[in-house]
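Novice: Residue numbers (this note's numbering), protein chains in the order written: chain A, 4 to 579; chain B, 363 to 610; chain C, 22 to 289.
The set of hints was computed from the structure by calculation and includes no laboratory data. Yeah, the Cβ is synthetic: ideal placement off N, Cα and C, and Gly gets one too. Just so you know, not all the hints are guaranteed correct.
Derived pair list, reagent style BS3-like, types lysine-lysine, alpha-carbon separation capped at 25 Å [unchecked claim]:
1. K264/C with K71/A
2. K305/A with K105/C
3. K363/A with K105/C
Restraint ranges, calculated between C-beta atoms of paired labels, are given here [claimed, not checked]:
4. M203/A with T423/B: 18 to 28 Å
5. V23/A with S533/B: 17 to 27 Å
6. V450/B with G488/A: 29 to 39 Å
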Amino acid sequence: MVAQESHQHAAPQGFIRKWVFSLDHKVIGLQYYFLALTAVFVGMFLSLLMRIHLIWPTAILPLLGAIKPETYLSLVTMHGTIMVFFVLTTAPQGGFGNYFLPIQIGAPDMAFPVLNMLSFWTTFTAYIVMLAAFFVVGGAPLHGWTGYAPMSALQSSGPGEGLGADLWIISIAVFCIASLMGALNFITTTLDMRARGMSMMRMPLTCWSWFITAILGLLAFGVLLSAGILLLMDRNIGTSFFLPLGTINGQLTGHKGGSPLLWQHLFWFFGHPEVYIAILPGMGVASQILSTFSRKPIFGYKAMVYAMLSIGLLGFMVWGHHMFMSGMSPYTAFAFSIMTMAIGVPSAIKTFNWLGTLHKGRIRFHSPMLFAIGFVSLFVSGGLSGPFLAQPALDIPLHDTAFVPGHFHLIMGVAAIFGIFAATYYWFPKMFGRMMNEKMARIHFFLTLIGTYCVFMPMHYLGLAGQPRRYSQLTELAYLHPLIGLNTFMTYAAIVTVAAQLIFLFNLFWSMFKGQKASDNPWEATTLEWTTATPPPHDNFGGRTPVVHNGPYEYSVPGAPRDYVMQSDPATVQAH
Amino acid sequence: MASFTPTIRTPHPTTSRGKRADLPPVVGGGDGGRPDPGSPDYGARLRRARLGLAVALTPITMLFVAFTSAYIVRQGLPTFDPHTNTVVHDWIPVPLPTRLFLVNTCVLLLSSVSIEYARRQLARQVALEPVQSIPGVSLGTERNFPWLALTLVLGLCFLLGQWLAWSDLASRGFYVATGPSSSFVYLLTGAHAVHLFGGILALLVAGAAVVLNRPLAARRIVVDVTAWYWHFMALLWIYILALLEFAH
Amino acid sequence: MGLVILCVIWLITLASTYFFVAKTWWFPHGASAATAALDHQFAVTFILMGVIFLAAQLALGYFVWRYRDQPSATRADYSHGNLKLEIIWTTLTAILFVGLNLLGSPIWAAERFRPAVEGATRVEVTGMQFAWYFRYPGPDGKFGIARPELEDPSAGGEAALGLDPADPASKDDVVTGTMVVPVDREVEVILRAHDVIHSFFVPAMRFKQDAVPGLAIHMHFTPTEKGNFEITCAELCGLGHYKMHGMLKVVSQDEFDKWLADREAEKQ
Chain A
4 MVAQESHQHA APQGFIRKWV FSLDHKVIGL QYYFLALTAV FVGMFLSLLM
54 RIHLIWPTAI LPLLGAIKPE TYLSLVTMHG TIMVFFVLTT APQGGFGNYF
104 LPIQIGAPDM AFPVLNMLSF WTTFTAYIVM LAAFFVVGGA PLHGWTGYAP
154 MSALQSSGPG EGLGADLWII SIAVFCIASL MGALNFITTT LDMRARGMSM
204 MRMPLTCWSW FITAILGLLA FGVLLSAGIL LLMDRNIGTS FFLPLGTING
254 QLTGHKGGSP LLWQHLFWFF GHPEVYIAIL PGMGVASQIL STFSRKPIFG
304 YKAMVYAMLS IGLLGFMVWG HHMFMSGMSP YTAFAFSIMT MAIGVPSAIK
354 TFNWLGTLHK GRIRFHSPML FAIGFVSLFV SGGLSGPFLA QPALDIPLHD
404 TAFVPGHFHL IMGVAAIFGI FAATYYWFPK MFGRMMNEKM ARIHFFLTLI
454 GTYCVFMPMH YLGLAGQPRR YSQLTELAYL HPLIGLNTFM TYAAIVTVAA
504 QLIFLFNLFW SMFKGQKASD NPWEATTLEW TTATPPPHDN FGGRTPVVHN
554 GPYEYSVPGA PRDYVMQSDP ATVQAH
Chain B
363 MASFTPTIRT PHPTTSRGKR ADLPPVVGGG DGGRPDPGSP DYGARLRRAR
413 LGLAVALTPI TMLFVAFTSA YIVRQGLPTF DPHTNTVVHD WIPVPLPTRL
463 FLVNTCVLLL SSVSIEYARR QLARQVALEP VQSIPGVSLG TERNFPWLAL
513 TLVLGLCFLL GQWLAWSDLA SRGFYVATGP SSSFVYLLTG AHAVHLFGGI
563 LALLVAGAAV VLNRPLAARR IVVDVTAWYW HFMALLWIYI LALLEFAH
Chain C
22 MGLVILCVIW LITLASTYFF VAKTWWFPHG ASAATAALDH QFAVTFILMG
72 VIFLAAQLAL GYFVWRYRDQ PSATRADYSH GNLKLEIIWT TLTAILFVGL
122 NLLGSPIWAA ERFRPAVEGA TRVEVTGMQF AWYFRYPGPD GKFGIARPEL
172 EDPSAGGEAA LGLDPADPAS KDDVVTGTMV VPVDREVEVI LRAHDVIHSF
222 FVPAMRFKQD AVPGLAIHMH FTPTEKGNFE ITCAELCGLG HYKMHGMLKV
272 VSQDEFDKWL ADREAEKQ
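So here's chain A without its partners, still in its complex pose (with noise of 0.2 Å):
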């Protein structure tokens, strides 16, 4: 029998060791996974909060008493932040990433699992510390995710910009390391750790996608931490990195000399990959969803595989387009509206390709092929809204309207999620060994689709007719008054859809439970998780160790005795 590659631990006794501290990548995938799924939670009890105001500006909440102006900007800050790190940078990769990327190459764990389990016990106190805010006097800061300087980097423009934002900034600089950490194993196990016949063209789309948002993190996250400490010092030491001469309420800050553009130049060159790194594993979850449950290989798994190559290297070219009114020179905003036009090819030929991957299928709607369809739909219409705003002269009237949060919501807060809802029902079986409930599935990707739908398309009106961005009130200019029957729309919209979520969140612990039992291989797919027990021993294969014979989608191969054929099946596929 073939010897197993050296696997650094033995399996571990103890609770403690077993399921707090663990090393098992697969352990600590859940543990990002349950992370997020709290913070999800949060993220979306801040926005029905937010939406709640808007139309109705002095309801009296529940224990919560009135939503004052300054509590709603913390809201829009703290409800971005938390959904774009603590959703969108975790589950995807830090979840679904860590449990199945070793298995996927035929690994027994990541290259480095103490630095795995670091890595996630460090998320968890960025994800304390940002919680903190809330708590501390002047509570969570106003500026925004984006945290544009000088309003960040002045104790005083506003309440919560004390302490609560001196916490923001801790939180994302310790994030921050943590992300490095985690890119660092991604990295190294897909460079190091594939086993014989995994090459890489021959890896799932899923495992290319993780490999390229770590890369894009390795580069991204330390000019964020770059940009975070000099805040900090601006803010607490009296350097003067982003803030000119000025005053605030009338009196001098104090400062000069510096450059709030320069903060956006430093945030923006980290948060257009970061936007890409919060979309790549969906893209790469649809691929292998879509192809499994049409039975049919991917359509151009080369191309597949350059334009996620693509996207993010052009992914570090664009950043600003999100500076075109900036006061940056208009030729600079020239040059990278051209970039940000040629970043959408790639993305187009991943749709194109995804529907050439229909096409001439046998489709099967089990619930991870409902939210992979649903992802293309959803990318679709808010990737369309991009040549728009990429556009500078069509930003004029669109930018900080709300058409830009229209459009990032659909493909970050509802594409992207609608990745991670794929991932869920895909994988559920092999992490758990049940069957989760199709019927409220079902259930939970209508009300979804709907509902998402309801909530963000309009925002596209409302940008076109002028609404401005992260405005509490639409009661002081006449012009919105009109638009306030669409935003109560939205905010019906946006209850019934955070609702149907806790149709999922039921259905995924009950199965956990209750589920019906699951197979080795329920979804009959071909990739290296599904030649192994449910749920997946220890060191992923019982002591063998997979060799790969074949590519990542061989379904519907001629001649073969079934639909599919397993990438660990010695009978082997001839290349054509």
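Since the structure of chain A is already known, use the hints to place chains B and C on it.
Specialist: Here is chains B and C on its own, set in the frame of chain A:
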């Protein structure tokens, strides 16, 4: 046109990293995590550790790239002065304690030399370990010069020297917030010092590995990675010094 | 299930498209020289993106229904892709996207690549938490010195801007809370901010620009219709962001001259 041939392939011994079969088959390995240096598993672990370090140095580089771009931008930044209704440049480079910095540079370079000796010494020991277990063979009493300890001392001297440099600046009235130039001097040298301190912690881990009598191969990996990190820190320091001295 | 998904996706697509096409909620009426070209470029983008939106979503819905698994379905097509097709649609997409951008670039150039013309109406626009102030240079054509240390927001007007009374050039500067400009003449705005970033947004003029502390940003636009147009703050600036607004009044040249003269007279 694809075809499906039910060929049965003989399973080959597994190696890592995809198709390449550059390592000999493992014979009776897997004894629960204590590889001997002669086994390919040790080589794989060394390679993996070095790969991990190369990856880890990337975000550190990006951090200093970001600081550098902020530095360059700030130097040239025009700011609107309402007192004169004109645009002015207010960058005044701070006079640096160059002599102190140069002394520190020498100390750091010496420490790089000493850790390189430590790295090679350990590599040699690992290579020769199988030989030394042959009865009757002796390589002479090779006194093991404490290169690691010397590096630690030199590293601490460097940090002390940086502290003296900051004190010198402060005594001349240049604190962190005094002006943009001084802010960057403290920022760049301080960030470097923090990362070098990380290297010192790694040296202590390597020292602990000796004291706790960890297997030679494991010690070699720790020292190897630390040494490369240390060299990177030396190069980074030279870059920072050059930036501060010449790019103003 | 395939049919249900098709219906849901098609319905969502058609409903969304309807509201866009019907312009139920749309740009406010544009009253500036830039409006025509900008609205036209928007329309071109809109039609192209709309066609792609419809095609992609309708195709998605259709495929999901048409290729559903059923006993009578043929085996799925074993295809790893089609290189020729990939090259074709990649090239077409690239041409479309980049071409669209280049098509619209003259508008950006006209707005931003050139400075204001000689003889434009000059107004310094200053944003501060949470109000807009407008300063006219007066007959001497020069803006006087403003010192941050003299600012007193509670006093309003000249004091809020910190105008230095010792500077002769500031004696004739008119500071107002309403922006009045003459029609059909280019307006040069010099955007400034005291404390945090604000953004001067006039939807009817298709004009927006961030006001950044430490910078004096020169921009221009040309109002082509008389009327009152809302000015809003479009960059998060603190608690009062939602109520930081002002009014742009576009009047005839004569009315403007009279208004300015009246303000000058008040200062005496």
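Novice: Next, verify each hint and record whether it holds.
Specialist: A quick look at each hint next to the structure:
1. Taken as a hint, the K264/C and K71/A pair is honoured in the structure, with Cα atoms around 14 Å apart against an allowance of 25 Å.
2. Between K305/A and K105/C, the direct Cα distance comes to roughly 13 Å. Compliance with the 25 Å bound is thereby established for this hinted pair.
3. Between K363/A and K105/C the alpha-carbon distance is near 18 Å, which keeps this suggested pair within the 25 Å criterion.
4. In this structure, M203/A and T423/B meet the distance hint of 18 to 28 Å, their C-beta atoms being roughly 24 Å apart.
5. Separation of V23/A from S533/B is about 50 Å and departs from the stated range, judged on CB atoms against 17 to 27 Å.
6. The supplied range of 29 to 39 Å is broken by V450/B and G488/A, whose beta-carbon atoms lie about 51 Å from each other.
In this structure, the hints that do not hold are numbers 5 and 6, in rising order.
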